[in-house]
Every structure is written in structure tokens, then in C-alpha cells.
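Chains as they are written, first to last, in full-length UniProt numbering: chain P, 1 to 257; chain Y, 1 to 303.
FYI, nobody ran anything at the bench for these hints, they're computed from the structure. Hints are not guaranteed to be accurate.
Taking lysine to any residue pairs in the SDA-like style, the calculated list, with each CA pair at most 25 Å apart, reads [what the hints assert, rightly or not]:
#1 P:LYS205 with P:ALA247
#2 Y:LYS82 with P:ASP256
#3 Y:LYS82 with P:LEU104
#4 P:LYS205 with P:LEU68
#5 Y:LYS123 with P:LEU22
#6 Y:LYS123 with P:LEU89
#7 P:LYS205 with P:ILE187
Quantities reported herein were computed from a predicted structural model and do not represent experimental measurements.
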Amino acid sequence: MIASLRYEWVRISTVRSTKIFLVLALVLSAGLAYLIASPQHASFDDQGSPVGPETVNWFGAFGFPLTLVAVLASVVASQAIGQEYRFGLIRLTLTAFPRRLRTLSAKLIVVVLAGLAFALVSFLGSEIGVSLRGHPVPPEGVAAPDSSYLVRGAVFVVLWGLSAFAIAGVTRQTAVGIAVPIISGLIVENLLLFVLTNRADWLVKILPWSTAARWMSPDDSSDPLGRAVAWPALGVFGVWVLVFLVAQVVTFQRRDA
Amino acid sequence: MTVQAIGLGKSYGTTRAVDQLSFTLEPGVVTGFLGPNGAGKSTTMRLMLGLDRGDGSTLWDGKPLRDRVDVTRTVGAHLDAKFFHPSRTARNHLRLLATEASIPASRVDEVLRLVGLDSVARKRPSGFSLGMGQRLGLAGAILAEPAVLLLDEPANGLDPQSIQWLRDFLRRYAQRGNVVFVSSHLLSEMSLMAEHLVVIAAGRMVADESLDTFVARSTRNDVLVRCSDPVALAVALAAEGITAVPEGADGLSVASSDTDRIGDIAFRAGIGLRELARRTASLEDAFLELTSGDQQFRTGGAS
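Sequences are here, hints too, so could you generate the full structure?
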């Protein structure tokens, strides 16, 4: 197993795109956090004049970039298996490591670690962004994400990456692994949400990627979704990811390389 | 180490690509793997390595490959000249393959020098020619100095000097007690490189024997006789149990390799000989004769 992990580490670290996407994640997070952390008034009176003190969207500064970074992580995750098929490397990999389950497990572990690395880089980028705005720590009275929020964010990135990894593995296509979560999450499931809400609410609650996006529900009781929504939503998404991974294991074991 | 392929088989839908192939690869010799296009050579190699799912098994010194702890030192395979990531440098590609057996970086550099790619070691292989890709593939296969080399068409795209280098290298590699199994459709090369042949057609075994035996089996091993009276000589040869068929105006193709005996028979019959020449079939002759009718992608012939 150690040799398989070492192989995966060399594989992921010797491809230029991994480094490019990590740098991109840092820059994107810092830039977005800088823009989002712009102090704004939360409410206005009838004449349009601001009421009360300025506030900073601290949740948005950390949460929104992470949602985009999850897509970058999914590219690296899809490449972990998709590029092996695209360039025929899977045959070299499975010649050196004929135990397929072990090989796939090593890839999965590296995808999880890569997801965590992307989440950490995103948090770092967000911290840089808010610091550049002059708010290295949350301003007095501004609601800020706690450690639970950051852990949820990291879990979200890892699960999103794993879903892309599994889909790329089943289809043997990097692009499909990247595209399906985005298209499904942003377009297909939004259409389903529009059609099914109030008709089949139970179905709405188990759509994979749109449910996963509820991880951002802030730890603020004023939010209608509230704290109680985020973890169960990630749990639903986790079950979906498990189903995708089982399909990947079965196809990886049974099909020709 | 010996490699035993036992009852290998593979179907694609209703097509039987490989059917009950069994053979043993012995150390110390280069074994050539011959067959027409679509005969199932590449599929057989993938089945041996466990890359394709199919029937049968392959034992590497008595064990399936997946049960061996030293896989990279057991077998080095080169299946295609384009199996690399275009943005990973040649050196990093080999570093990646070196991880299973913890091969040091110095060996990576050594192998790159050996195959003549040291000057492009830090270049990305996306711009490599087919020949350079073959060299990189071969470098990956020999990296851990495995006991078995499995090479699928390694001479494709190589220039004549490189082919000669490959031939010498593989013969030396086998002479060190290793198993070398090479598929090729370049029969001239195979006749210079291999000592043993496994020949398949339409997925089935045609021959598993030494190169000399394979060539000797061809009916094109005969003696050409040109003489003053071919009809009389044919009768005299038939009386001695030797078959002869007319060839040209004054010639006979005699199904024998014994020129002395044919000369004696002609002398006793009072027939003057003008030419008496032994003709030995080439590997190409023998191959074409034994695989005729089995070529999957046949050309339409010269127009």
C-alpha cells in the first residue's frame, strides 16, 4: 500500500496542472475574499440611507471561494483516474500494481488528501483576502464562521472531489467527471428544484449536488436553513458519493484496463 | 524464471479474439510472438499481465502476477509507444515507474542514457517522435531489470540503427538468463532476433517451436533442378519415392533437401543437370504459408 501511495504521490506531484490549480485556488480565494469582505451596510431606510454600522460578509468571504475551489479540486480528482485512461497509463499502473482494489484505494486516499489541501489553500487565500481588506480577524459584532463551518467546508470539497473522481472512473473520462457535478448541480437540479418543490419535497432533499451546496448554511439561527441543515445535507451527499464510489470499484475491478 | 500461459482466452461479443492459448516462455532466449494483424497478439499480452479480463491464467515462476511481491522486478512491459502523460517529463515518467521497486534516481538516469534519451530527459514527451516514444517505453520496461521483458511491437518507428541496437540489446538481455517475449510484424527483424517462436492466427495457436523448426516446416524448402529432360527425371525421382513438380520450361521443384541424392538419381538416369540448388524458405515464407486465410484485415491486392 505504501508503494501504491508513493506512486500516486509522484503521479500527482509531477503533473504541472496540479500546481497550477493549487496556485489558482489561492489567488481565486484571496481575490474573491477581498471583494466579498468589502464593508457594507446591511440595511437602509425608506430614503435609501444606510442604517446602523457597516458589516462584513465574513461567511461569504470564506464560503463562496471554497465552493469554486471545490470545482478546481474536482479537476485534479478527475484527472487522478481519467488521465490514466486517456493516456493509456492505467496499463502501466496496473502492470506495476496488479491488485486493483489497492491501487484504487491509493488513488482515493490521494484524492481525499488533495481535497483537504485545496480546502486549506482556499482558507489561506480567504484569510489573505480579508487581511488585505484590513480585517485579519472578524470586526466587532460581525458573525464569523466557526471551526465547524470550516470543517464542513473541507468535507464539502473532499466529497465534491470524490464524486468527480468516481464519475470520471466509471466513465473513464476526465471531462465527464468535472462536468457532471457542475451541470447537474447548477442546471439540472435547479430545474428539478423548481419543478418538484412543494410537489415532492422529499425528492428535493436528496438531490446530490444541490443538497451538498447547503453546507454553507451559516451557524446563525436567523438563517431559515439553520445549523441543523448543513451536516445532514452533507450526509445525504456523502451517501450519493458512496454510491458513485461503489459503482467505480465494481467497474474498475471487472473491466479491461 | 519461466512464464506459463495456460488456456488464455478472450471474447469480444461473439468474436473469439484469443482461444485457448497455452505456451511456456523459457529464460535465455528471445521468443518472438508472431501473427497477422488482428490475430490477438496484444490481447494475449494484456491477458498475461492481467490487464484484460478473460479465461485462463499466467504463472510467473508458478505464481500469478498479483501474488508476487516484486512485480516490477518480475516483469517489465512495453505495450505502446504513446503511454505517457504529455506534460510529465521523460525523467519524471520513469521516476513514477520506479516507485514500486524503490529504484533510485541514479538508475533512472542510467536507463535514459542507455536508450539514448538523456539529452531530452527533462523535456515533456508530447513532442517526441514515435521512435523516441518507443525508447521511453523500453526504458520503462527495463528500469527494474526485470526477469521477464514483454514488448509489443517495440521496433515500430525505429530507424535501422536503433533496430539493430534493440536487437543486440534484447539478445544480450536474454543471454543473461532473462525471458524476452517480443511481438512484431517485422519478420525480417524477428528472423534475426528470435530463437523461439509463438505464432498465432485468429486467436489460435499455429506454432510454438524454434525458429529453425518453424522455417523447416514450410513446404517451400525444396530443391530446384534444371535439366535436359525434366519429365524423365521426374519419373526417376518418383521411382525413388521423391515428389517433383514442373517449374519453368526445363525445371523441377523437388520436395527434398538432399541434393547429393537427386544428383545421383539424375546421373544413373543419364540426364544432364544444368542447375541443382537447395532453396530454403524464409521466415516470411513460412509465416505466410501457415497463416494464410487467417488475416483479419486483408488488403484487396495489387491493382
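| field | Unmet hints by their number, sorted upward, for this structure | value | Every hint satisfied by this model.
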